[in-house]
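Undergrad: Could you slot chain B onto chain A? The hints should help.
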Amino acid sequence: MTKLTQKQLIEQIEMLKGIKPRKEWATLLKSQILPEQQLQATITAQKVSFLGILSSVFAPKKLVYSLAVILFLVIGVFGFASQTMPGDLLFPVRKITEQSQAALTGHTGLKQSVATLNNRINDLAQVAKAGRTDSIPSAISEISADASALVKDLQNNTGPGGYPNKQTIKDIVVSLKTLADVPGTDLTANQDVKNLYQTVVQSQIADLQEATLTDEQKATLSEVEELYNQAKYVEALEKILLINN
Amino acid sequence: MDNLQEQFSNIYDQYIDKIYRFVYLKVNSQEIAEDITSRVFTRGWEAFQGSQEDIKNPGAFLYQIARNAVVDHYRSKGRTNVVSVESSPEIADPNIGIHEKAILSADISNLKNAIQKLKQEYQDVIIWHYLDDMPTASIAELLGKPAGTVRVMLHRGIKDLKDIIQES
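Top line first, the protein sequences correspond to chains A and B.
Last residue of the first sequence: number 254 in our numbering, and the count goes up by one each step with no gaps.
Last residue of the second sequence: number 170 in our numbering, and the count goes up by one each step with no gaps.
Just chain A, same shape as in the assembly (with noise of 0.2 Å):
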C-alpha cells in the first residue's frame, strides 16, 4: 500500500471545502432568525428591477405609445396581481384585492383574519411545493404577522365563557394542521405561530373539559394539560386531534 504523504493528505483534506449546507436550508433558517431583513431584501431587489422597467418606459418615445404601455400595464397589474406570492412585487395589490372582495361579502374581523392566514399558509404550501425558495421567507413573515395579528383579534372577541367562537378555533386548527404538513418548513419556533397554537389549545382544552369523554380520552385529556404547561403546544394540539377524531 503506497504510503500517503503529508501534501497527499492535505489536498483530500481540502477537498472538503466542497460540503456546504443545503440552499434552502439556509435561506429558511435566515428567514427565521431575521424575518424582516429578508423580507426588506427582496422588497428592494423586486422595487430595483421594477423601477428599470419604469424608466424605460419613460425613456423618449412618442406619447401615445408610451401611454398605450401604461394602459396595459394597470390592466395587466390587477390580473397579475391575482397569482401573485409573498415577496412578489404585486403581492400588496393581491391582499388589498383579498380584502376588498371580503367587504363586499361582509366577511370581516375574526372570520377575515382567519382566511387571511389560512390564504397565505396555503401561499407557502404553493412556493415550497414549487421551489421557490427565494418566496419563502416572504411567506413565512406573512404568516407570522397574520398570526400575530389573530391572537389579538381572538383576545378581542371572545364569547360567554371568555373564549374565542368554537367553530373559528375549528377553523383555525384546519389551517395549523395545514400549515403543518407544508414540507420542508418548520413554523412551530416562530414565537407568533406559537402563540397562536397556546390561544387555540387552551380554548380546546376548555371545552374538552366541559365535555363528556371516555376514560381514555379523559387520559389523553390531562396529557394534553401537562403539554400546555410546558409550553409544548404543537404536542398538545396533535393530542387534542386524537381525543376529537
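Just so you know, these hints were derived from the structure itself, not from any lab.
Check before you lean on any hint, since a few could be wrong.
Calculated pairs, DMTMM-like style, for lysine to aspartate or glutamate (alpha carbon to alpha carbon, straight line, at most 20 Å) [as the list claims (entries may be wrong)]:
id : chain 1 : residue 1 : chain 2 : residue 2
1  : B       : Lys58     : B       : Asp15
2  : A       : Lys16     : B       : Asp165
3  : A       : Lys26     : B       : Asp135
As the structure is a computational prediction, the values presented were derived from the model and not from experiment.
TA: Below, chain B without anything else, positioned relative to chain A:
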C-alpha cells in the same frame, strides 16, 4: 434594530457555510449538523443583540458557540468525541442519506470519519487552517494560545490523521 439585523445578516452570509462545515465534520449526519448550526446562529443572534459592542470578532464568537454546541451534543448523547488515536471506535452512521452519499465519495467519507477520531483541538485547527484558510495567527488568537503552539498542533494533527487513515 434594522442596522443590527443588517449587520448580523452579513455575518450570517459570511459564516453559514463555514460553521455548517465545521459542525458537519464533527458529527454524524446532515440532520444533526443542521440542528446544531441552527442553534449556533440563533444563540449568536441573541448575543449579538444584547452585546454587539463587545463582539469584536464575530467569526471567532460563532466558532466558540459551535465548539460548545458540539460538545453539548456529545455530552447529551452520553459519549465524548475526544478519542485517542489508539482506541478508535468506528463511528457508525446508519442514517446517512442518499444526498450525503451522492456528495461524499468513499475517500472523503473515510477522511471525515478519520477527522472525527482526532482530538477535538486537532480537528478544530485542521478545519480552520486547511478548510477556512485561517492563518495560524488568527487561530492562535481564537484559541488564546501562542502561534507556535498552533503550528505544533497542526503538525501533530496532520500526523495523527495520516496514522488513522493508514491504519484503516
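Undergrad: Now look at each hint and say whether the structure bears it out.
TA: Hints, one by one, checked against the model:
{"no.": "1", "hint": "Lys58(B) to Asp15(B)", "in the structure": "18 Å, holds"}
{"no.": "2", "hint": "Lys16(A) to Asp165(B)", "in the structure": "14 Å, holds"}
{"no.": "3", "hint": "Lys26(A) to Asp135(B)", "in the structure": "10 Å, holds"}
Every hint from the earlier list agrees with this structure, and none is contradicted.
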